[in-house]
Each structure stands twice: as C-alpha cells, then as structure tokens.
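Q: Chains as they are written, first to last, in my numbering: chain B, 1 to 270; chain R, 1 to 246; chain S, 1 to 327.
Hints are computed from structural coordinates only; laboratory data are not their basis. Note that this is a predicted model, so its numbers are computed, not measured. Worth double-checking, as some hints may not be accurate.
What the hints assert, rightly or not - Only pairs whose alpha carbons sit at most 30 Å apart, straight line, appear in this in silico DSSO-like list of lysine-lysine:
#, chain 1, residue 1, chain 2, residue 2
1, S, 228, S, 99
2, R, 214, R, 234
3, S, 146, S, 199
4, R, 22, S, 148
5, R, 234, S, 116
6, R, 17, B, 71
7, R, 107, B, 169
8, R, 8, B, 169
9, R, 234, B, 169
Said to hold, decoys possible - Selected chain R positions facing chain B (Cβ under 7 Å, derived; list incomplete):
#, residue
10, 55
11, 78
12, 80
13, 82
14, 85
15, 87
16, 88
17, 90
18, 100
19, 103
The beta-carbon is built from N, C-alpha and C at its ideal position, and this holds for glycine as well.
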Amino acid sequence: MNKYPKTVFVPLILLLAILILSFLVPFLRGGIASQYDLHFERALQPPSLAYPFGTDSLGRDLFSITFMAAKSSFMVGFGVVFLAALIGVPIGMIAGLKGGFIDTVLIRITDGFLAFPPLILPFTITALLGPSLTNITIAIAVAWFPWYVRIVRARTLEIRSSGYVESAKVMGAGWTHILKKHIFPNAFPAVLIQASADIGYAILMAAGLSFLGLGAQPPQLEWGLLITQSRISFLYSWWTILPPGIGLFITVVICNYLGDSLREYYDPRI
Amino acid sequence: MNQLLNLKEICKSYLVKSKSIKILQGINISVERGRSLALVGESGSGKTTLARIILGLTHPDSGIISWENDKKNLGVSAVFQNPWDAMNPRKLVWESIAEPFVISQNKEASYFKEKAEEMASEVGLSKDVLHRYPFELSGGQIQRAVIARALILMPDLVILDEPTSALDISVQAQIINLLIHLQEKYNLTYIFISHDLQLVHYLVDTIVILRNGKCLEQGFIENIFSNPKNDYTKKLLEAGGIVNAP
Amino acid sequence: MTPEYDQSQSPNILDVTDLSVGPTSENTVDIIRDLNFSINKGATFGIIGETGCGKTMTAKAIMNLLPLGIQKKTGEIFLDGIPIHTLPMKEMRNILGKKIAFIPQNSAGALNPLYKVGPQFEFVLKWRFGLQFSQAKRTAKEWFEKVKLENIERIYESYPCQLSGGQLQRITIALALSLEPTLLIADEPTTALDSITRKEILTLLTSLKKEYNLNLLLITHDVSVVQKICDRVAVMYAGEIVECGLTEDLLKNPKHPYLTGLLNALPSPNKKRLEHLTGSVPTLQLPLNGCTFFQRCKDKMDHCNTNPPPVYTTRNREIRCFLYENN
Numbered sequence: 001m002n003k004y005p006k007t008v009f010v011p012l013i014l015l016l017a018i019l020i021l022s023f024l025v026p027f028l029r030g031g032i033a034s035q036y037d038l039h040f041e042r043a044l045q046p047p048s049l050a051y052p053f054g055t056d057s058l059g060r061d062l063f064s065i066t067f068m069a070a071k072s073s074f075m076v077g078f079g080v081v082f083l084a085a086l087i088g089v090p091i092g093m094i095a096g097l098k099g100g101f102i103d104t105v106l107i108r109i110t111d112g113f114l115a116f117p118p119l120i121l122p123f124t125i126t127a128l129l130g131p132s133l134t135n136i137t138i139a140i141a142v143a144w145f146p147w148y149v150r151i152v153r154a155r156t157l158e159i160r161s162s163g164y165v166e167s168a169k170v171m172g173a174g175w176t177h178i179l180k181k182h183i184f185p186n187a188f189p190a191v192l193i194q195a196s197a198d199i200g201y202a203i204l205m206a207a208g209l210s211f212l213g214l215g216a217q218p219p220q221l222e223w224g225l226l227i228t229q230s231r232i233s234f235l236y237s238w239w240t241i242l243p244p245g246i247g248l249f250i251t252v253v254i255c256n257y258l259g260d261s262l263r264e265y266y267d268p269r270i
Numbered sequence: 001m002n003q004l005l006n007l008k009e010i011c012k013s014y015l016v017k018s019k020s021i022k023i024l025q026g027i028n029i030s031v032e033r034g035r036s037l038a039l040v041g042e043s044g045s046g047k048t049t050l051a052r053i054i055l056g057l058t059h060p061d062s063g064i065i066s067w068e069n070d071k072k073n074l075g076v077s078a079v080f081q082n083p084w085d086a087m088n089p090r091k092l093v094w095e096s097i098a099e100p101f102v103i104s105q106n107k108e109a110s111y112f113k114e115k116a117e118e119m120a121s122e123v124g125l126s127k128d129v130l131h132r133y134p135f136e137l138s139g140g141q142i143q144r145a146v147i148a149r150a151l152i153l154m155p156d157l158v159i160l161d162e163p164t165s166a167l168d169i170s171v172q173a174q175i176i177n178l179l180i181h182l183q184e185k186y187n188l189t190y191i192f193i194s195h196d197l198q199l200v201h202y203l204v205d206t207i208v209i210l211r212n213g214k215c216l217e218q219g220f221i222e223n224i225f226s227n228p229k230n231d232y233t234k235k236l237l238e239a240g241g242i243v244n245a246p
Numbered sequence: 001m002t003p004e005y006d007q008s009q010s011p012n013i014l015d016v017t018d019l020s021v022g023p024t025s026e027n028t029v030d031i032i033r034d035l036n037f038s039i040n041k042g043a044t045f046g047i048i049g050e051t052g053c054g055k056t057m058t059a060k061a062i063m064n065l066l067p068l069g070i071q072k073k074t075g076e077i078f079l080d081g082i083p084i085h086t087l088p089m090k091e092m093r094n095i096l097g098k099k100i101a102f103i104p105q106n107s108a109g110a111l112n113p114l115y116k117v118g119p120q121f122e123f124v125l126k127w128r129f130g131l132q133f134s135q136a137k138r139t140a141k142e143w144f145e146k147v148k149l150e151n152i153e154r155i156y157e158s159y160p161c162q163l164s165g166g167q168l169q170r171i172t173i174a175l176a177l178s179l180e181p182t183l184l185i186a187d188e189p190t191t192a193l194d195s196i197t198r199k200e201i202l203t204l205l206t207s208l209k210k211e212y213n214l215n216l217l218l219i220t221h222d223v224s225v226v227q228k229i230c231d232r233v234a235v236m237y238a239g240e241i242v243e244c245g246l247t248e249d250l251l252k253n254p255k256h257p258y259l260t261g262l263l264n265a266l267p268s269p270n271k272k273r274l275e276h277l278t279g280s281v282p283t284l285q286l287p288l289n290g291c292t293f294f295q296r297c298k299d300k301m302d303h304c305n306t307n308p309p310p311v312y313t314t315r316n317r318e319i320r321c322f323l324y325e326n327n
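Next up, chain B with everything else stripped away, as it sits in the complex:
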C-alpha cells in the first residue's frame, strides 16, 4: 500500500518544489529580495532582466516576493486541513461507532457549525480576536471540520457492518482493536483524498480573507495580501497582480490533481 503511483508523487514533489523555492529564491536574490527593503525609486517597473516579474508599488522585487509568500499560504492551507481533520476525524469515528444518543448529540452539534456560511465564521472570529493568519487558520478549520466528521462517520458506519469487523467481534475483539486495526485504516483514505484537495481550497479561502484584510497583515507576505496591495496600481501596471494570482491558481490545480490521483488510487478498494 506504500507503493503510490507516479500520479501521486508528481503533485507532491511539485508542491515541495514550490516550498523549497520559497526559501531558496530570496536567498539567491540576495539584497533585493527583502520585504522590508522599500525602494520607492524603482517602484512599478515592468518586467525586465533584473526584475523578471517587475516591481510593485513599494519597489519590492515581485519575483522574490511572490515566492516568499508561498510559505505563508502553504502554512495556512496545511494548518487548516490538519486542524479540521484533527477535530473532525475523532468526532466522526466516535459518532459512527457509538451510535444512539452520543451519535445524535455529536451530529447535531456538528450540523450547527455547518449552518454558518463559511466566510461568516472567520469574520466573526477576526472581529473578536483581531486579524491574523493564525486566527483565520483556526476560523476556517472550525468552519470546515464538519465535512470531515461526515466523511469519517459515513465510512465508520459502512466498515462497522462489514464481514471482517463481524468476524473480529466473533474472535472477541474489543472496540479499541476494531478501531485501530479496521476502522481507522479503512476510513483514512477517504480523509486523505478530501484533505489533499482541501489544501488548495484552504489556501484560496485564506487568500480571499487576506484580500479583505482579515488575514495576513503588512508587512507579512501572502498571496491574497499581495493581490489586495496591487489593487490600486494594477490597471496601469498589469504585472503587479499576475504573479500572486497565478501562484494561487497553480497551487490549487496541483492540489486538485493530487486529490484526484489519490481517489483513483484508492477507488477500487474503498
């Protein structure tokens, strides 16, 4: 089962490459890469040999800035998914396993969270706690965990009624054994598939919130923030808005591809 096919490795490697470049590029570009290094005299210069993506309104090298911003976006993406799964998977498994009253209570609470439009919750939390990347990570995770509860609960219910779990019960297995050996390994692929596509969407949502000013704050570097910072200038300086936008686009596409490859890989067996 550890022999994942090429279609799974390729997107993973691509994502890793972007992350590595995120650290490497500013290092290679030396002085001109610093996000604190503002040079208004070279602001809004179109792409050239020295500055392949041009410069933004603060005179920063867009090439380095865009790659450096990938770090934050990735952190939020992985953070959101990790947190949502961390909360959602145990709840889903317990609800599916225990059934009855506990199941009903857990599901209703989960449904309560689902009732919030996915953007309202982050608005509320940042209104209460202040805007920051950490806060929107928590906020989006809280808005999203119900989906993981549902996926895991559905799988748990399916697996519970399977022949091999019945056989394990005949052999005298307790719930710990069944959970560890049968339910978790068979429910996990579904979570993994959802999570891999969700990383892209989390990054996108975080960018959207940062665009609105609720996430990353200047002088932090994040794709959504970069887009909003180029709002004023992009009509005449088209190069300022493209790099972060394309960065988002490529990342989401790679994550979707990863999710699809994983689904194909697991499909005959789920």
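Fit chains R and S to the supplied structure of chain B, relying on the hints for placement.
A: This is chains R and S only, laid out in the frame that chain B set:
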C-alpha cells in the same frame, strides 16, 4: 450425551418502524460435540439471527443458552458467506489469518506469522498467496484463508453460514472436502447454515428445519428426509431435489 | 430499414457461427473463441459454465451490447435467418426489446428504484405497442396475473425495494414476455432465489414456454436448472464451448473431462467423497498452445498440450476433446 450447546426457548424480535417483528419464536436445539448440524430454511426463517445469537453477536430477548462447562475454555468461530467482505482489504492475508492470536494475546501480528503460515498450508494455500491482499485472491482462496483464520485457535465449535454458496461448483467441492477433512482431523463440531439440501444431505448428521422463526422439525437427517412429517418440509425437500424413499 | 423477417425459411431461431469476442488491444486472449451453436424454433437452449467462462458475454455479443473496450472479432449471428451482427446500432435498437428480450441476472437492479413497478410496466408497453394509458394498465395487470403474482393491486403500486426477490423476478419475466419477443434470453434467472421460489419460477417458465411457444436461451451455472427446463445445453469453459448436446443425454453421459469433473463435484447423498477438480480456471495468455483444460485434466494425452482440440461431432453431441478424435 456429550452436549456442547443447548438452546432453550430462544425468542428474538426486532422493532421495524414501531412494529415488532418476531424473528425467533421459541427455538429449542441441542448440539452434540463432534457432530454436524444443519440449520435449513428459506430467507426470513431466522437462521442467520440464530447463528448470530450463538456467536454472541446479538442477544435473545428470552430463553436460555447453556454451554458445556459453562463455556470455559471453549472456542467458537465463524465462516461467513461472502468471501469478498470477509477480510480487511488493507491487511495482507497472513495478517488476517493471525488476527485471532492478535486479539487473544494482545500482541502484534508479526509474532504469529509462523503459525499463520502453518495453518495456511493446512488449508491448501500456497505461501505466496499469504503475502497478497484479499482483492488479489479468488473466492475459493479467500474462503480457505477464512477457514484457516477460523481454525487457528483450535476452536470447539465452528458456525458456517453458507460457506460455499458464493463459489463456483468446482471450487465448492474443494472447500467441502477440506471442511470434512479438517473436522475429522481436529474433532470439530460444525453448525452449517444452508439452503442447499443436496449439500446438507451429503454433509451433516442432524438437521433443523426453520420456518418463520419456528423450528418445524429436527432430528437425524436420514429420518427427516425419508419421513418428513410437516407439509412445508415435504415442499422443501421436493424443491431441493430430494427424492423420498417410500 | 428494419429487415422483414421470413419466419418460414430458417429452422433455427438463432444461429451463431465462429463467434469470437475480445478486448480491442491486440495482444490479449479473446474472451470468447470459436463459438458455434444454434437454437431450434420452439426450443430452450442452455449455456452452462462457471464464473468467467464467457456465458454472459455471449448474450451481450448476440445483443450487440458489449462493454467498452470489448468487441466482436469474428463470426456471424442470425436471428431467424436474418444477419444481425452487421446491423448498425440504430437498427439494432429496433430489434432489442422487440425481437429479442433479456431477463437480467439482478432482477431487482433491472427496475428503476424511484418509480412504482406498475407504472414502469405501463411505460414499457406504451413504448412497445403504443398503447393508451388505460389499455397499458389493463395489459400490465393481466401479465401480473399470468406470472401468478398474488395481491396484484398492492404490488402494482409498490416500489421495487418493497418487493421480495421472487416477486421482482416474476415481474421482470412478465416484462420480458410482454414485449412478445422472438427470442428470450435469461441470464441466471433463479440464482438469487430460495429453493422453493426457484422451483416455482422454473415451473412458471416451463408453462409459459409451452403457452407462448417461446424460444429461450438460458444462461446459468446451476445444473439442476438446466436439467429441468433445457432441451439442449452447451457447456462453456474458459471462453469456448467444450461440449454440447441434448440435456438428458449430456448429463447422464458426460464426455468432456471438464463436464465429468463438474458433475462429479456436485454433492449427492450417494457419494462418499466429492471428487473435486484440482486447480482453478486458468488465466489465459497468448500464444494458446493446446487445450485450455490441460492442466486440470485427468485423461490428458501428450498432444493435448500442443494443439487446441477441434470440435468432434458424434451422434448429436459435440465435444471439444482429442479423446473423441476417432469417433
């Protein structure tokens, strides 16, 4: 009379949409050690529920189950009908065969790999099959592995719920011969659930005819087949191709 | 233009010659090879075999409903003397559901779970015969009577999930018969049923067969079904017909080693021990040298492994085995 298991007035109902459906209505059965017994009935007769009660997967609403020696040192295992659902798809075949040890001794499967390999060769599985996943095996091979798993702890009683009905005819014969051989070798007691009367006639000593949760007739198979008392039994025998000796 | 059927000329309702079906890619063994059989008018023909022998694929090939990636490689199929293997799909659609009707294996799955069974039946009748609503309803209920369903009014207004396997099977049989087909193909019509229900369905098919002078192609793995209802039977193994003949004769005197082995493996009270066939159906690979049954055959000879055996005919029996070379 070496009585392994005795069921007395077993009753069970299920609630379906606030209606109580009686699945079992006063079942009385006695199972002797070393014999084979068949539970025969059409769908809805309650035979699967009865098997699940014996296996402890569900409990009767009323009635008494008594085991030999109060079930101390008594092992019961099961072989179910559907081979494709019988083993964890994400575990290798030998790991599944070793699972009874893992559960009873609370150790990792690798401790019991050798025992699993021994049992596998007993049931006619080649070693390379053990290191594959269930989906790579044929139905017959999976059922052999399931039998290996059911017997690895040397149980006293094995419940077999239509163990061959999902298999091809030629494979069915292989599995049946294997089951007979193992019963002789390890002095096992079998309870078969089947609707295939030809198979049942070939395989067991005693038979219990179930219909709508009631036990219509039970006794030695020769007696029931040659002298059915109940009309339903006669109908069943005729449908199953059993020709009555006058 | 759908060709007119000249029902007087051909003595056979179905002729299949040299049929082979396989995956589109070049280097794989065909799923069905060298298939030849005919069904006389008014007869019931059975194809018997185990999983993967190609029997369902044969039915699909006749109906030109092969799955993606599988195609007919060679062969001709004649329905009442008219070739149907060359018909384009548009014209084939005039035959399916009108001249050929199919009873699938999973009868519950054949009906749309979202609609009541009565209206589904009406819909089919309206499509086939252009009947008006009230007429269709009457005809549908008549058919329910003919297949001996009880509580017709209740069943008519039920959804498939509310009915038992036996009831659903009767409905799909009625559906297929109501189309008034020339040829009826039934794929494992009794597999999922209890023994008493199975007997009732077979009795029903036998009586309907006589009443409507049906031409029936029955596909099954159950020898007892073939015994009860088929006039002639073909035994398939790994994609080929290995023996074909009159049912009673064939089952009393099996000739091909596979059939002999299969019949010996059937449990019956007189046997002390079931003689099982060792091994399992082989996964075939090119090139095909010799008989597909070679590995498991008790009576194999040396040259059985070098050339594939042809079909030998002897006294109304066809056998694909070198043992019968000189008869």
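Q: Hint by hint, note whether the structure agrees.
A: Hints versus structure:
no.	hint	in the structure
1	S:228 with S:99	25 Å, holds
2	R:214 with R:234	16 Å, holds
3	S:146 with S:199	17 Å, holds
4	R:22 with S:148	28 Å, holds
5	R:234 with S:116	36 Å, violated
6	R:17 with B:71	55 Å, violated
7	R:107 with B:169	17 Å, holds
8	R:8 with B:169	24 Å, holds
9	R:234 with B:169	37 Å, violated
10	55	5 Å, holds
11	78	5 Å, holds
12	80	5 Å, holds
13	82	6 Å, holds
14	85	4 Å, holds
15	87	5 Å, holds
16	88	5 Å, holds
17	90	5 Å, holds
18	100	5 Å, holds
19	103	5 Å, holds
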